[in-house]
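Let the sequences and hints guide you as you build the complete structure.
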Amino acid sequence: MEKTFTFLQQELRGAGRVLGPCPDSPRAPLAREALRVQEQSEQLAQELREVSHNRASLRGRLRELRQYLHVLREGQRFTSLPAPLGSPPRPRALSEREPILDPSLHQHLDRKINFVAGVIHPWRVSAFERLLWRACRGYLVASFVEMPEPMEDPATGESITWVIFLISYWGEQIGQKIRKISDCFHCHVYPYPESEASRADTMSGLHSQIQDLSVVLEETEQYLAQVLDKVVLALPTWRVQIQKMKAIYLILNQCSFDVTEKCLIAEVWCPVRDLTQVQEALRQGSYKSGSSVECFVQRIPTSESPPTLIRTNKFTAGFQSIVDAYGVASYQEVNPAPYAIITFPFIFAIMFGDVGHGLLMFLFALWMVLYENSPSLQQASNEIWLTFFEGRYLILLMGAFSIYTGFIYNECFSKATVIFPSAWSVATMANHSSWSSDYLATHPSLTLDPNVTGVFQGPYPFGIDPIWSLATNHLNFLNSFKMKMSVVLGIVHMGFGVLLGVFNHVHFQQRHRLVLELLPEMVFLLALFGYLVFLIFYKWVKFSAADSLVAPSILIHFIDMFLFTSNAGNLPLYRGQVPVQTVLVALALASVPVLLLGTPLYLCCRRRASRTSRPAPVAAAEQEPLLEGQEAGNSVNATKEDVESGGPSPDAEHSDFAEIFMHQAIHTIEYCLGCVSNTASYLRLWALSLAHAQLSEVLWTMVMRNGFVRLSYAGGVVLVPVFAAFAVLTVAILLVMEGLSAFLHALRLHWVEFQNKFYVGAGYKLCPFAFAPDAWE
Amino acid sequence: MVSLLCCGPKMAACGLVLSAWGVVMLLLLGIFFNVHSAVLIEDVPFTEEDFKDGPERIYRLYEQVSYNCFIAAGLYALLGGFSLCQGRLNKRKEYMVR
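Which chain is which? The protein sequence lines are A and B, in order.
In terms of the numbering used here, the first sequence is residues 1 to 777.
In terms of the numbering used here, the second sequence is residues 1 to 98.
Accuracy of the hints is not assured; some may be wrong.
What the hints assert, rightly or not - Listed next, the stretches of chain A that the computed footprint assigns to chain B, with coverage defined by at least 3 CB atoms under 8 Å from CB atoms of chain B:
#, segment
1, 466 to 478
2, 662 to 671
3, 722 to 735
Quick caveat, the hints were computed from the structure, so don't treat them as lab data.
Just so it is clear, the structure is predicted and the values come from calculations on it, not from any experiment.
Think of the CB as a built atom: it goes at the ideal place given N, C-alpha and C, for glycine as much as any other residue.
Structure follows, in structure tokens:
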């Protein structure tokens, strides 16, 4: 049946019709309905074939008649002129071609002259002439003329200007030779009536025939159009129906036969929550198909690991997909996606912080979200656009968070906003230092000393003080701030990742890991890097501009902590710093062997203990819930034990101690080294936000500033194209390029630095059967 | 009458977005220049002499730049209106039977 459909579709395309999509979604047809569809479609195809065939033959006939008409008309030109016998219209060496006949002989032979007229392909003309000349030795006169209008070649379908030839000869045998030769050359030969009157009769007859034929042809074309209309109406629905049938049979083929060979058995994965729905559907299906035996569902035990199904709505789907892109969660593992809904846009925003750009991104995403139900947006074919559209909620949150961080960094298209009055007072400093004009002229850069009363009036209420955007040491200040911020955020993020492991350990009944893995991991992280965070905050709080000259350097303290040395010039931050640091380092170092050896030793002991006692209780405990299910028979209601325990399968018992130890050693090394390298990796938050700020400033300075240079009113007109260029470059460079870059780095931070603290991601997705017509083409 | 339609639907939409953004941003910039915001000092085309005799000359410069911004905002409003008309003409052409 699909072949018939393809044929119909080809015919439609040939006639220039377009097949529209199926308007409704028809049900899958039963077997007898399918037969009906098959009959109808074959009938239509047959009709179509007949009509096309008729049309082709009619067209061929018409063409022949027309050619004949032309032949007669042109031929008249030669034979109606008595004196120059067959003077050819084309310039040629006349002496060679024409036999020398004097008029007396012409009248004598006139009665016996016969004609062969026909049409030949223009490329074969010269060969034809030559052969005729050689074969008939001059006892003929051949004249060639081109047809006035080009006609279609039946074989190739292209339109060629045919050449009409008229051969006058005398003698029977020459006539036969000529006919044979023209047959070889695939010429169409037409009977050429000799006398004027018969020629005129034939011509008028041809005229009327051509007219009749044209009328018939028109009717045929109309009928063909009607048949095509019918096809256009019916074809889409049929195709969807047949595709549904194919899908059903494909699924049925995957089932296996029962022992009695009377029914099919399918082994499926099904969410426990949907079991009642499945039963309902089976019951309805049996009822509708009118069979006597009901289909039913039964639980069977399996040792395979089940697939992962995470139910999402349109908002969470985007975030779940970026987590799944790294690895689908293992069965019943903790899912980082709900946390990523907030942490991912936030980490993106730290690298992207700018109020103006964030606002543009937010508005763009808002437009996509508000119009998400419009069909023109949903059915776009551009893949890049579809990717943006799928992530519209992602972009919405990213934009919103970027506005927030933009206010923190106090950047709006690289300009600071003065929402609150600045806390620095230049006037006070000027009055205090009594800067004279000469002093100002010779010193291009001046320092505002916060130790002078009145110069610095306290911290800015929200964000960074706008005066920094006018300061030349803007970057010195901002770099220190952003680097410390990146490290703090990184350690918090990683600590959170380690904590999420608690859910995994509790759920999979591995409480020993809480003490033997989580605890040493947290101790290591917090003792070293948590202490660094503490130092950062402590220094921010305790030290002020008054003791800025003697303020201790955290970096040197941190290095000295590991080397167990001390630097005389570096004052301690608080009393008793050295012993505290020693204890912390000792704690961290002590946690490493616990992490390395704890779990393997514990598992080893447990195995030895279980080998001495009977292994049966362990196995029986696992079998119980399954027995319950089978006892209950067909009524399968979800109870707590019904859920498959996809945790450590019995195979774990058989692995070597060496393998466990190796695995744990790798984990320890990865974790400890990872703590250091991942903390440094978070510095990309600083790097990218710096890059974004600098790019934004460069764009403003080099593009937008040119619009303000002219002071006359012409400057206003110049500002129009300058602003247009600024807008286009902002979108292209700062929104698209920087946005993608920050997105990528935020994603990497999540996938690697965050998720390798707790996530395994070795599962596979549940792919239920779904019918989309296009997928089955 | 010759057809007034010279842009396609996408270009009209781009023009509209650009004009809206231009109007809002240039208006705000004009207002900020008008109140002599210190943050925008680098954008004002001053020379050495403008710094003599008090801030009055700098303030005049600020105000001139702000007027330029307002002119540009007005021109963008015109461009926006033009894009809106083009967009509407495009929509009308879509509905007409060819």
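Now for the hints, and whether the structure bears them out:
1. With 3 residues having a beta carbon nearer than 8 Å to a beta carbon of chain B, the segment 466 to 478 of chain A meets the requirement of three or more and the stated coverage holds.
2. A count of 0 residues in the segment 662 to 671 of chain A with a Cβ less than 8 Å from any Cβ of chain B is obtained; the coverage claim is therefore unmet, three being the minimum.
3. Restraint check on the segment 722 to 735 of chain A versus chain B: 3 residues with Cβ-Cβ distances below 8 Å, three needed, restraint holds.
In this structure, only the earlier hint numbered 2 is contradicted, and the remaining ones agree with it.
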